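Asks: Sequences and hints are given; from them, build the entire structure.
Chains A and B, in that order, give the protein sequences. First residue of the first sequence: 149, per this note's numbering; consecutive thereafter. First residue of the second sequence: 134, per this note's numbering; consecutive thereafter.
The set of hints was computed from the structure by calculation and includes no laboratory data. Wrong hints could be hidden among the right ones.
[Stated by the list, open to error] Selected chain B positions facing chain A (Cβ under 10 Å, derived; list incomplete):
id : residue
1  : I149
2  : T153
3  : G167
4  : R225
5  : T270
Fair warning: this is a prediction, and the values are worked out from it, not measured in the lab. Positions of the beta carbon are idealized from the N, C-alpha and C atoms, including for glycine.
Next come the chains, spelled out residue by residue.
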Amino acid sequence: MTAPAESDDATHVVPVVCNHDCGGRCRLEAHVRGGRVVRITTDESPDLADRPQLRACLRGRAIGSRLNDPNRLLYPMKRVGARGEGRFERVSWDEAIDLVTSRLQRAVKTYGPGSVFIHHGNGDEGAISGVAAARRLMNLMGGHLAYYNSYTSACLNYTAPFITGRRDTSSYQTLPHSKLIVLNGFNPAETIFETNSCHYLARAKDAGAKVIVIDPRLTETAATFADEWLPLKPTTDVALFVAMAHVIVTEGLQDQAFLDTFCIGFDERHMPDGVPEGLSFRSYVLGAADGTPKTPEWAAPITGIDAATIRRVAIDYATHKPAQLLQGCGPQRHAYGEQSVRAGITLACMTGNLGRLGGGWGGGEGGRSLGLPIGGFPTGTNGVKARIPVFLWTDAVVRGTEMTERDGVKDGPLESNIKFIFNIAGNTLVNQHADINRTVAILRDERLVEFIVVSDQLLTPSARFADVLLPADHSLERNDLGSPWTGERYVVFGNKVVEPPGECCHEYWWLSRVAERLGLEPAFTEGKTREDWLRQIVAEARAGDASFPDYDELRSQGLYRKTPEPYVAFEKEIADPAHHPFATPSGRIEIFSKTLYDMQHPEIPGVPSYLAAWEGPEADLVGRYPLQCIGPHAKTRINSTYDENGWMEEAEPRTMWISRQDAAARHIADGDTVNVFNDRGALLARARVTRRMRPGVVSVPQGAWYTPDEHGVCHRGSVNILTSQRPTPLAHGNGQHTMLVDVRKA
Amino acid sequence: MPVGQIAFLVDTTRCINCKTCEVACKDVNEGVVGVRIRQVRTFEGGEFPRVFAYAISMSCNHCEDPACVAACPAGAYTKRAGDGIVVHDPERCIGCRYCTWVCPYGAPQYDATAGRIRKCNLCVEELDRGRLPVCVTACPMRVIEVGRLADLETRPGATMLIRGVPSPDLTKPACVYLIRSEATDVR
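Replies: Below is the structure:
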């Protein structure tokens, strides 16, 4: 290691990285004394207007507390007792590795490599993750059952390409150029979507932008930035958008030249061949096809937003240019999340904002393709071609070989049901997947999944279901790289600053030992240590960017960063359409998608349309379960990471938000313990009775650790005991925010 | 730092209530759960759907007339000449907790494990090295400042009259806030 900076005789200050699964990626500095991290500070480079520091949030500041958690898993263990009971006994690494190897061999031999599933796990966002290493090993063994989509942005990523050819969004640096910003379910103040997301929102406000927030909660983002708060009923944002479109059309405020030039399907004059009359978006909005004009008066009872407000907001949006419409990932994590994505893009096109500085549409302003040339750990080629949408993994356990394209299976059929699971740095096995009671019933049946390997730092609800449980190292216990998945151009080097406790190690080490037993070690490691691979990744980045520092330089600096610049999504397509067509079948933005229309699926219409959600405010089930429940991200957690952390619980305790009206009707006072329930399960939560919640809606932030009592009631309030495994129709994504519940005093 | 009472200024109009200041403070101050040397309190008001909320990040206000100094029977508190920082000496503290009763702002925190009070000392070690307190450098929104009270209190809009926060008449806190109109004290 290069000489670390010294703050006093005994304390070394070393650059490290916060590599959690938020969109931010922050620079941290660990103050190390006597082999222990005693203090964490953040980016101390000059804080410049065009290059603001990468300041960590509260979770990053608490990384030392998690590192030093007395409950860290320290030794390999194997299960004793029934699966899921959480009883383990310590074994040697040799015994653990032997057991994993023999069970893996058995699964591959009996059922084929397609029976092995490497689960969604983003607890470690480093350059060489355990998940990537497991993929590399399996690919040397013939492959594994792969998945597509994520639990974050399934509908967004799957749907946007049908409309605009790819998902792409402008950078946060464009926000100060906006006159008006509409945030639909977008809450960067709590999610920290990118390190400086709220910093740029504040700059936009300082520059005079008006901010409208659409959200059933007065989120911290809304409380801080909103000039206007539209507390709509969850699942109804498309009705709001369609009614705004109605106002824009009837007032003649649409940018017709933009629509004529860049889009198909807005009106009847611009429809693809072979489609009957009356199916354009304009016809849908005006009610030509179904006799129902989608007026603000139509939308008011659906959305809970009064017609005058909808009309005013629509006119504001259409007349303040440039205007950005940013959608968080929450609205697309609903029953018909695909429609929310489509309707948002359509509004941005109707107002001529797409592709213009300060305008446009963004799915949480993420997924930009302007990152540095940082490669990853090479995982090889998967010999198993079939892929499942990740949200249907429990179905692939129960009926994998029977699943078809209708279930979203690509290149199927599956050669086997899932029989072996690697669950590495992930809590989706139990906690983050929907309908926990169904999930755990499936996992408890050892005839279904025969073996589960878990590697983690703590005994998470998922780790309790391990057959072999392996203790993982922490990002401060190894060298690693981190770069933001939203797209800002920098890489953070995280130094190893302390030794891993007990027998903790990185997955690459034990997977290499498994490879060794299988005779695959030379191919798996190519004779390289994990550190060698990191060096290779940096060397390759240098080959693509001459100013990229060498490994040792990066290690001592801790950060390589290009000055962020305003990046405008689809700028080329709009500036020069002749040379830069959209990557759609028509080369244009497909407000009407013939590809989708041809599916002839009642839940996949040709144009973006409001569809009443299966457990939405218009569902019959409202009679039994009158409250809509959403599971937003908590500021104290990154998904389920940090739920165990006492500092975070103190900073903001786990609570369920409920309106004063709904609480009064149930005789619930602030601070009361309440039972939240539906047909799928029940949880206990502490009520936060607040004005900041729309009446008729409650929120139970996702990520609390599933902790059932003897009746199966979750005492920590894991919302997924209430959520449904019903997938969205097109993306086969997770509509986990769509659910109905009731609440009573416990 | 020039001589004169030192104070905090917090621009709550841009505070996102993320509590990073609180956790960063905890991290440098031994991290005992239950001891919240800096704390962000949330206030809300209005009637749905015209609702507002604001957050007040506060530690010790290093008051010009500090009740803790007067109340402490052990002489553990000192108001420094020159910069006016109220420092607490845990070596002299007897853990009687009188200060927690008299401080209107809940600044002194009792550490039950140590049997002593813990309190913000404005990161004097950092200030002495020409650096800033950790809450200032931690804030992702850059809304906490430290400077001379005489300079900060003349900033347009700077006030200590905040709805939900005790009156500054009690102890003359060396702390000012920029607040949104809903947070204006209308007593």
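Asks: For each hint, tell me whether it holds in the structure or not.
Replies: Each hint tested on the structure:
no., hint, verdict
1, I149, "holds, 4 Å"
2, T153, "holds, 4 Å"
3, G167, "holds, 7 Å"
4, R225, "violated, 25 Å"
5, T270, "holds, 7 Å"
Comparing the model with each numbered hint stated earlier shows that hint 4 is the single one that does not hold.
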